[in-house]
Amino acid sequence: MIDQITKFVNVLNAAADGTPHKVIFSLRKFPSTTEYILIGDRLLYNKNIKLFHKILRDLLYGTLDVTCTPIGSLGAEPILFFDIHQFVWETVNRISDDDIEAICKDIDSVTVSKTKHPVKDFSLFSRDSVDSIVVFYFQVIPKPVRMFLEDFETTKRVHYYRSLIRMALLDYIKLEVISHPVPEPTSSAVTERTGTTQSPLALLEINLPKVEPMKVKDIIPPKTVREDIGTIPIVIEKQIETLLQGKTSEPAPLVPVDQISDGTRKKVSKVRIENLRKILQNIKQL
Amino acid sequence: MNNESKNTAYFKLVISGSVNSGKTTFVKTISEFDPITTDEYATEENVKVLKGQTTVAMDYGRRTIDEDVVLHIYATPGQERFNFMWDVLVEGAFGVIFLADSTDLDSISNTKKIIKYFSEKFNLPYLLCVTKLDMPVSIDYKEVLKLIDKQDLFAIPCNTTQKEDVRTALIALLSLAIDKAAAQT
Chain A
20 MIDQITKFVN VLNAAADGTP HKVIFSLRKF PSTTEYILIG DRLLYNKNIK LFHKILRDLL
80 YGTLDVTCTP IGSLGAEPIL FFDIHQFVWE TVNRISDDDI EAICKDIDSV TVSKTKHPVK
140 DFSLFSRDSV DSIVVFYFQV IPKPVRMFLE DFETTKRVHY YRSLIRMALL DYIKLEVISH
200 PVPEPTSSAV TERTGTTQSP LALLEINLPK VEPMKVKDII PPKTVREDIG TIPIVIEKQI
260 ETLLQGKTSE PAPLVPVDQI SDGTRKKVSK VRIENLRKIL QNIKQL
Chain B
55 MNNESKNTAY FKLVISGSVN SGKTTFVKTI SEFDPITTDE YATEENVKVL KGQTTVAMDY
115 GRRTIDEDVV LHIYATPGQE RFNFMWDVLV EGAFGVIFLA DSTDLDSISN TKKIIKYFSE
175 KFNLPYLLCV TKLDMPVSID YKEVLKLIDK QDLFAIPCNT TQKEDVRTAL IALLSLAIDK
235 AAAQT
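Going down the list, the sequences are from chains A and B.
In terms of the numbering used here, the first sequence opens at residue 20 and continues consecutively.
In terms of the numbering used here, the second sequence opens at residue 55 and continues consecutively.
Looking at chain A on its own, in the form it has when it is part of the complex (with noise of 0.2 angstroms):
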């Protein structure tokens, strides 16, 4: 999981000056490729982006690999995209529960440290408090997960995964896989660096963990989250649904419904997608 989460973090790394860059997701064992458009943040609308939460899963069960190539300019400026980091967010919470735990079944033996990202950077428009507690968790040195679930009440184990998976992928903060073990920030270890060379910000940031319990009721989330923080409302995520899925109730047309027939219904469609390309194309050139 965390060779796949390098390599997703590595595409947008590669992507982020700018120029345009195809993504490429390929299934390891046939010849099936399903292909995006990423320029820096911005994910391009295709097709394709109802499957991205099942190519993420996958992506991160390792049945995929990932790879990107510049490509040369586009031509007109894109008009739909989403925010890739704000797509992951919603995208990693589509992603089952069940998938969840069996992606991060190893994930005790993990270390989590800060990544170049400053905490002030971390500006997802709809984190949660878990995204905030992790955050602040991890954000002085480097942590097994072990500790970090034995602090916080286990009741909210899948929704920490969830928040250091979308994290990890979007280089937040960064996953490692325990070689050596990391002291632990203890009162002891507090007590025989007092005293030595070490400089004072080694000193504080030791004693940072003790100055500040991380218990989930003192983190306050920021004023900007939703009023409705933790959770996505059922409108939006039908909407989100809606979106990736493509599946919506019949938009209702100006000729009664009742004078449609089933039968006919799928050929109503087809004319009224042919109606809108005339419109689009119109409209083209107004």
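Hints were generated in silico from the structure; no laboratory data involved.
Take the hints with a grain of salt, since some may be wrong.
Below, a list of computed lysine-lysine pairs in the BS3-like style, where the Cα atoms sit at most 30 angstroms apart [unchecked claim]:
hint	chain 1	residue 1	chain 2	residue 2
1	A	K73	B	K170
2	A	K297	B	K175
3	A	K135	B	K196
4	B	K200	B	K217
5	A	K66	B	K166
6	B	K170	B	K200
Given chain A, put chain B in place with the hints provided.
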């Protein structure tokens, strides 16, 4: 009207957003004739400050695509007390464009409420156009998006007086509508 055939298909586009966000101008820019408006003298003090007259029922514009296809464009009134008209106007629409005035925080807040109202009641393709970004007192485009705070909503900057911007907005919404309709077949 005269060149419409018996089988003419009518498509309805709805423009919505807070008071003074540019809805009537948007309709005017795209319509083949001067839009039919229902402007009355504003009675609310906060609206009077913005403009003398305001839309109370709807603005209507129209664009004939060919003899078989006609696009009707309706702009809703911005005030929340006219929300019964929103329901009426959105009936049968293929999509809704929301306008948010980047020069007025209250207007952005109202547009946010309107977006919430529509998205909770109707499952349609939506597009947000952030307007008046060329005005000296406007706030940054990205700041407007943060205030609107709607993750799944596509947004673009739009000067409603410019045909090119209105054209871009319509192409974006139509692309979404076509994809959505295609997914159903």
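(request) Hints the structure violates: just list their numbers, smallest first. (result) none
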